[in-house]
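Asks: One-letter residues, chain by chain:
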Amino acid sequence: MQPFMTHTGMVAPLDRVNVDTDQMVPKQFLKALTREGFGRILFYDWRYLPGEKPNPEFVLNFPRYKGASVLLARANFGCGSSREHAPWGVKDYGFRVIIAPSYADIFYNNCFKNGILPATLTEEQVEELFQRNEKAEGYSLTVNLPNQTIADKHGLMFKFEIAPSRKEVLLKGLDDIGTSMQHAAAIDSYEKAHTATATMFDPVDVKYYSNGR
Amino acid sequence: MPPKTLYQKIWDNHVVWEEPGQPALIYIDRHLIHEGTSPQAFAGLRSEGRKVRRPDLSFAVMDHSVPTTSRTLPILDNDAKLQFDALEKNCREFGVRLFDMNSRNQGIVHIIGPELGITQPGQTIVCGDSHTSTHGAFGTLAFGIGTSEVEHVLATQCLGQSRSKTLHILVHGKRPKGVTAKDIILAIIGKIGIGGGTGHVAEYGGEAIRALSMDGRMTVCNMTIEGGARAGMVAPDETTFAYLEGRAFVPRGKAFQEAVERWKQLRTDDGARFDMTVELHAEQLAPQVTWGTNPGMVTSVTARVPDPHDFKDLNDQKATESALKYMGLKPGTPIMDIPVDRVFIGSCTNSRLDDLRAAAHLVAGKHVAKNIKQALIVPGSRGIKSQAEKEGLDKIFTEAGFEWRDAGCSMCIGMNADVLPPHERSASTSNRNFEGRQGKDSRTHLVSPVMAAAAAIAGHFVDVREFDVAHVE
Chain A
0 MQPFMTHTGM VAPLDRVNVD TDQMVPKQFL KALTREGFGR ILFYDWRYLP
50 GEKPNPEFVL NFPRYKGASV LLARANFGCG SSREHAPWGV KDYGFRVIIA
100 PSYADIFYNN CFKNGILPAT LTEEQVEELF QRNEKAEGYS LTVNLPNQTI
150 ADKHGLMFKF EIAPSRKEVL LKGLDDIGTS MQHAAAIDSY EKAHTATATM
200 FDPVDVKYYS NGR
Chain B
0 MPPKTLYQKI WDNHVVWEEP GQPALIYIDR HLIHEGTSPQ AFAGLRSEGR
50 KVRRPDLSFA VMDHSVPTTS RTLPILDNDA KLQFDALEKN CREFGVRLFD
100 MNSRNQGIVH IIGPELGITQ PGQTIVCGDS HTSTHGAFGT LAFGIGTSEV
150 EHVLATQCLG QSRSKTLHIL VHGKRPKGVT AKDIILAIIG KIGIGGGTGH
200 VAEYGGEAIR ALSMDGRMTV CNMTIEGGAR AGMVAPDETT FAYLEGRAFV
250 PRGKAFQEAV ERWKQLRTDD GARFDMTVEL HAEQLAPQVT WGTNPGMVTS
300 VTARVPDPHD FKDLNDQKAT ESALKYMGLK PGTPIMDIPV DRVFIGSCTN
350 SRLDDLRAAA HLVAGKHVAK NIKQALIVPG SRGIKSQAEK EGLDKIFTEA
400 GFEWRDAGCS MCIGMNADVL PPHERSASTS NRNFEGRQGK DSRTHLVSPV
450 MAAAAAIAGH FVDVREFDVA HVE
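Protein chains in written order, with numbering that gives the first Met the number 0: chain A, 0 to 212; chain B, 0 to 472.
Simulated from the structure, these hints should not be mistaken for laboratory data. Be a bit skeptical, because a hint or two may be false.
No more than 20 Å apart at the CA atoms, straight line, and that leaves these computed lysine to any residue pairs for SDA-like [said to hold, decoys possible]:
#1 Lys166/A <-> Glu18/B
#2 Lys3/B <-> Arg272/B
#3 Lys52/A <-> Arg34/A
#4 Lys164/B <-> Pro100/A
#5 Lys191/A <-> Arg52/B
#6 Lys190/B <-> Ala302/B
#7 Lys50/B <-> His182/A
#8 Lys439/B <-> Ala258/B
#9 Lys324/B <-> Asn54/A
#10 Lys253/B <-> Thr198/A
#11 Lys439/B <-> Asp175/A
#12 Lys134/A <-> Glu123/A
#13 Lys311/B <-> Pro55/A
#14 Lys166/A <-> Lys65/A
#15 Lys190/B <-> Lys80/B
#16 Lys191/A <-> Ala258/B
#17 Lys90/A <-> Asn60/A
#18 Lys30/A <-> Asn314/B
#19 Lys88/B <-> Glu18/B
#20 Lys50/B <-> Ile186/A
#21 Lys173/B <-> Glu206/B
#22 Lys365/B <-> Glu390/B
#23 Lys80/B <-> Tyr207/A
#24 Lys50/B <-> Asp175/A
#25 Lys88/B <-> Gly121/B
Make a model of the complete structure from these sequences and hints.
Replies: In structure tokens, the structure reads:
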């Protein structure tokens with residue numbers, strides 16, 4: 000995964016609380032077999048009118064936010080479904096940072112699997128950023144992960160909190176599976192001690208279990 | 000030893016590796032898989048040359064996109080067909096048990112886990128689906144994960160996790176007639192808000208929870224995620240053990256008795272501390288109906304659609320205004336004056352036998368109202384369907400003007416042909432009323448199965464307490 004150190008980019012505001020993952024990637028796009036191409040359909044029902052004509056009233060379609068890479072959002076961002084298609088869409092659209100007062104747990108977790116930094120600021124700090132962004136076209140922020148700071152060009156500087164282990168994952172672009180596999184011996188001994196099995200006592204109508212133990 | 004919560008006990012039993020400041024590696028006892036969130040995970044394994052570590056602990060089923068009409072016809076939706084083919088190929092290649100759409104045991108992943116006894120107390124259970132919280136009804140730690148984590152569990156049978164905070168939700172007293180498990184959980188979400196449980200694992204207790212059947216407890220745990228908590232659990236008791244005995248994957252005879260003795264230890268110790276406690280009184284609850292575009296936008300059936308100005312917070316005012324616009328509702332409208340176009344009884348929230356029995360009891364000898372364009376009954380599994388048919392429930396429903404369908408996620412998520420058309424209004428027993436959830440521009444009102452059945456008969460929302468609702472769970 001691509002490591003994350005610092006990022007400077009233009010801010011796009013999404014002024015809604017409780018944005019759910021059904022809005023980010025609606026169900027009709029959950030039939031894909033790959034992780035690619037979800038940027039085009041991110042926020043599909045808000046972003047497009049019938050015939051996939053861009054909806055001029057949706058904020059990401061405003062010409063001033065073209066090319067934005069920092070998404071400024073409200074509380075409980077990413078609630079609802081566990082679909083990782085949502086952060087795939089956020090990333091593929093071009094966002095590398097989300098700034099919000101809070102996130103839903105599963106979405107927050109999924110961001111780290113995809114090299115997206117979901118930075119958490121207080122409600123007041125987020126409100127301040129919404130106001131500054133509204134006033135200045137082309138408003139941009141520099142997000143520094145090692146120092147845990149978010150700064151603009153006019154002297155504003157906020158510190159954000161992030162768990163040290165989460166920070167490390169992004170800084171190093173760690174592959175979770177590879178990291179966990181370093182503990183193969185611990186997994187082996189856990190299995191020996193616990194002998195977890197799923198024994199079938201009554202036949203059920205099920206296929207494919209030939210390669211298993 | 001200091002007293003522990005049920006969550007702490009299950010957590011401690013599953014730690015494979017831990018180091019201060021790092022997420023612990025916890026062991027996963029059951030990994031449930033469906034066609035929607037798994038193809039990219041299997042593709043990832045393949046590209047890295049990795050195997051499924053424990054195919055015997057992995058169970059796959061087709062549920063999200065399956066047709067609920069005849070399964071003998073070709074699948075017309077090519078994208079869905081490609082997903083079914085991919086799941087079939089992946090399960091064959093990696094040796095994972097698969098319940099395909101023609102299996103007699105096929106059903107919604109969170110329905111068949113408990114139904115077949117794959118779900119057992121004390122386990123850790125994950126699935127690439129947020130409603131995995133359902134399995135917590137058995138005293139398991141069960142939660143939804145993303146596709147990258149699906150791949151991680153396939154490869155390692157473990158997951159990196161940090162301890163959650165704990166939330167105790169106590170529902171005291173007895174439920175009034177006509178108030179169901181669905182009304183309890185909707186009322187809880189209404190109280191704590193849809194982000195209220197974020198960062199927590201919830202444990203439910205109190206007389207009203209203890210009195211629920213397993214079907215009812217599953218409804219409560221299922222919608223825990225709609226209150227922001229990733230997992231919800233109920234400590235196992237005699238109700239749990241009676242439900243499990245004799246199911247396909249549950250040990251028999253002496254082994255069962257030994258398991259029960261172990262399962263009895265799975266309770267929160269007296270004096271254990273929770274990070275947060277929420278209390279409700281079941282006697283005070285009325286049947287619930289959502290009026291907005293998230294499950295926390297909910298009120299009693301006897302109430303009215305709120306006014307944005309009822310809310311103090313500016314963000315809440317804006318959200319209410321936008322929700323009412325989307326839902327086509329005016330502030331102050333009595334909930335019972337809202338007409339309904341379609342009725343959906345189904346989903347991993349409310350498609351179990353108790354739900355179908357209660358709904359059938361209510362509609363027996365009656366007929367759906369003229370303004371209802373469609374009333375769907377979608378059993379959660381083919382096992383439930385078959386049992387319901389033995390009990391004659393299918394005939395009661397079809398004679399009352401409902402359609403009796405095959406098992407799947409159906410109109411809860413609308414990934415198959417069961418879609419709620421634009422601007423139409425549903426009374427739905429599912430779990431999410433987000434914009435576009437049941438179909439683009441569709442308007443969802445979440446209710447209990449008996450409330451949905453009553454709305455089908457009346458053509459608008461009614462107070463089910465005025466109907467005959469004996470045996471309601």
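Asks: State for each hint whether it applies.
Replies: Status of the hints after comparison with the structure:
1. Lys166/A <-> Glu18/B: holds (16 Å)
2. Lys3/B <-> Arg272/B: Roughly 8 Å between the alpha carbons, so the hint for Lys3/B and Arg272/B holds.
3. Lys52/A <-> Arg34/A: violated (24 Å)
4. Lys164/B <-> Pro100/A: Cα-Cα ~19 Å, so holds.
5. Lys191/A <-> Arg52/B: With Cα atoms ~14 Å apart, Lys191/A and Arg52/B stay inside 20 Å; holds.
6. Lys190/B <-> Ala302/B: Since the Cα atoms of Lys190/B and Ala302/B sit roughly 16 Å apart, the hinted pair holds (cutoff 20 Å).
7. Lys50/B <-> His182/A: Given pair Lys50/B, His182/A holds - Cα atoms ~16 Å apart, limit 20 Å.
8. Lys439/B <-> Ala258/B: Outside the cut-off at roughly 47 Å; violated.
9. Lys324/B <-> Asn54/A: holds (17 Å)
10. Lys253/B <-> Thr198/A: holds (15 Å)
11. Lys439/B <-> Asp175/A: Answer violated: Lys439/B to Asp175/A is near 36 Å, above 20 Å.
12. Lys134/A <-> Glu123/A: Satisfied, since the Cα-Cα distance of roughly 17 Å is no more than 20 Å.
13. Lys311/B <-> Pro55/A: Cα-Cα ~31 Å, so violated.
14. Lys166/A <-> Lys65/A: Not satisfied, since the Cα-Cα distance of roughly 28 Å exceeds 20 Å.
15. Lys190/B <-> Lys80/B: Judged against 20 Å, a Cα distance of about 41 Å means the pair is violated.
16. Lys191/A <-> Ala258/B: Holds - the C-alpha atoms of Ala258/B and Lys191/A are around 19 Å apart, at most 20 Å.
17. Lys90/A <-> Asn60/A: holds (17 Å)
18. Lys30/A <-> Asn314/B: Violated: Lys30/A and Asn314/B sit about 34 Å apart, past 20 Å.
19. Lys88/B <-> Glu18/B: With a Cα-Cα distance of about 38 Å, the restraint between Lys88/B and Glu18/B is violated, given a limit of 20 Å.
20. Lys50/B <-> Ile186/A: Between Lys50/B and Ile186/A the Cα gap is close to 15 Å, so the pair holds against 20 Å.
21. Lys173/B <-> Glu206/B: holds (7 Å)
22. Lys365/B <-> Glu390/B: holds (18 Å)
23. Lys80/B <-> Tyr207/A: Holds, at roughly 19 Å.
24. Lys50/B <-> Asp175/A: holds (16 Å)
25. Lys88/B <-> Gly121/B: violated (32 Å)
Hint compliance for this structure: hints 3, 8, 11, 13, 14, 15, 18, 19 and 25 are not met, and every other hint is.
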